[in-house]
Amino acid sequence: MTTVERRFPEQQPDALFVPEMATIGRAENLTAQDRLFEIELPGGKDLGHKPGQFVEVSIYGFGEAPISVSSSPARRGSFELCVRKLGGLTGKLYTLGAGDSVGIRGPFGNGFAMEDFEGADCLIVAGGIGMAPLRSVVNTILADRDRYGRLILLYGNRTPDDILFADELEAWGEDDRNQVLVTIDRPAEGWDGHVGVVTTLFEEITLDPSRKVVAAVVGPPVMYRFVYVELAMMRIPEDHIYFSLERRMKCGVGKCGHCQVEGKYVCIDGPVFTGEALREFHESI
Amino acid sequence: MRGDPDNGVPVAIARVRGAFCPQCPGSDTAGEMFERSERFMRRAAVLSETGLREVLARACQKTRLMAPVRRGKTSFDFEWIDDPDAVQMDYVRTVLPPKKAFLPVREMLLEFARGAQQAAAPLLDDAPFVLFGVHPCDLTAINQLDWAMGKRHGVADPHYVARRSAALIVGIDCMPDEYCFCTSVDSSDAREGADLFLTPIDAGYLVEVLTDRGEQPLAESGDGRDATPEEEAAPRAHGAEKKRRVTTRIESELEALPDLLERRYGAEVFEETAARCYSCGTCTNVCPTCFCFDVGDEVDLLLASGTRERRYDSCQFLDFAVVAGGHNFRGERVDRVRHRWFRKFVYLLREHGAPFCVGCGRCSKFCTAEIGLVDVLNSVLAEAKEEAVR
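Residue numbers (the working numbering), protein chains in the order written: chain Y, 1 to 285; chain R, 1 to 390.
Incorrect hints may appear among the rest.
Calculated pairs, BS3-like style, for lysine-lysine (alpha carbon to alpha carbon, straight line, at most 27 Å) [to be verified]:
id	chain 1	residue 1	chain 2	residue 2
1	R	K365	R	K73
2	R	K151	Y	K264
3	Y	K264	R	K100
4	Y	K92	Y	K45
5	R	K73	R	K100
6	R	K100	R	K365
To give a feel for the contact side, a few chain R residues facing chain Y, derived at Cβ under 7 Å [stated by the list, open to error]:
id	residue
7	L109
8	D157
9	V295
What the hints contain is simulated information worked out from the structure, not anything from laboratory work. Note that beta-carbon positions come from the ideal geometry of N, C-alpha and C, so glycine has one too.
Looking at chain Y on its own, in the form it has when it is part of the complex (with noise of 0.2 Å):
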């Protein structure tokens, strides 16, 4: 698989554990259970990630939590952290707004080969609260827009109501470069769109066979294997097809256990694993 180069924190090497105060700059409900925070560091220091990677977000009482990073790296100053309302942390989390403070841990991982998305056409395929990490794909190719080729971006959610960032879909959109799919998974009122699992809108794209194509794809754990039966059947090669897997990373430096597929530790040599790779493993999805 592509490796992509392993980057640690700077931080004190005693303060592994140890999160750095950072401030919600402002936040805002996108829906009934999805929130998106603008996080600033001491300093106004950049994050320094890359597409892909996540942090641990903590606050004090309620524990830690992986959460992915939101915004692309072209961002300065702050970054963002969209997290859906799931458990302890993430459901106080929900409760924070402008000024209050959460500590961060990070970033870890990988992140996505944005070297091998370069000059392809990239297909994004994302499924509810996937489409966090994907928008910092997504706007790491807006921000250098000739880098990249055409920008194919499937989107499904169960309802509308579900739908993530909605504004910046439509306006991605409008760039004759971009193409942008969303689909809720049954009819609902009020919605005169593509109605079906996101598998359902491979059939409404059509890939020029001469140009490379490279897939980036992050969903709930269901999605991924007919994902990649639809992206086999587009005959993506697998070296080209990057998921992000989901594990609850509670170290994220390698060391408690609870990401590990197998004889790997999700932390540390994902979340990114290309479809190849996947399927060295009995247990990855």
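Once you have looked at the hints, place chain R on chain Y.
Chain R only, in chain Y's frame:
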């Protein structure tokens, strides 16, 4: 004498780790951050039983002492002790391994005040102590942990490193029972990691001095004298007798295990074992090489302050691989059961060049369902061989 394994001096770390994984950057090392014993002992001394108890008494007074003590009729455990007479010299195995000296069952990583804007300071315990009475299998395990917590993935765990660097380790040789299989995993003669190593002899204990740090307790003791050539031969003879008495064996060369096991990923015996297993996590809790942990916050009653703690976790627990939203990547017990054997004898053996099992026998001895680690392994190997014949 020194440097001559054929002349009665036991070889400490002659084995070359990672011999079958030359590309692996971590495979030849347990970490340079700790003072390592050299390949062969520097010198041998003799301490009487009384002299040794005095050394332990001094350790209690000057620093802290963790050593095996008797807990029940047949059970022992490593504990922080004040009374040197409580130290149990002769025991087969403790319930919890000595890893708890470096990786406590529960430990505080940091203290916090709720709503604080300032970064907390990490809590590092670097007060010197003596860890006494470590058997060769457990020494081997400490070396495995030095790699896993010390430098694997390019990151050292500061809490582990602080405790580990503060320890003076005294090993002691042992005799096996029916659960021991150190000879199958190359751990019966281990010295690496120890500063001193004891073998019982008629005059008391033959003391192999393995590091500079190990000279100190002897220098402070008036009791130690140089060993005679006959006494210097004692460790080798003791080691040979120990090996002769080991009855439990893994029926394969270590190097062959990863491929053999992988070929039997779906082995019947994992299903059979899962049908008996309670997922209680005893096997991983008592394992000297298991190091997975959970992290959580503990808040005081007034909700004003608290601590971030880590504690042992187990890949055998149902919720170990659950993610936000509830998906469980190892929701089937057979997947968790298989993971334990694969982790020890496939993944980490490949990555580190040595199995993450040191033959101490704890998991088999203390298993509530009487699941034997070697029995399961040998069943898989038998299946693999049967398949190869067909």
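Okay, the hints, checked on the actual structure:
1. R/K365 to R/K73: Measuring from Cα to Cα gives roughly 15 Å; hence the hint holds.
2. R/K151 to Y/K264: holds, 16 Å
3. Y/K264 to R/K100: holds, 26 Å
4. Y/K92 to Y/K45: holds, 25 Å
5. R/K73 to R/K100: Cα-Cα ~22 Å, so holds.
6. R/K100 to R/K365: holds, 19 Å
7. L109: This interface hint holds because 5 Å falls under the 7 Å limit.
8. D157: holds, 6 Å
9. V295: holds, 5 Å
Hint check: no violations occur; every hint is consistent with the structure.
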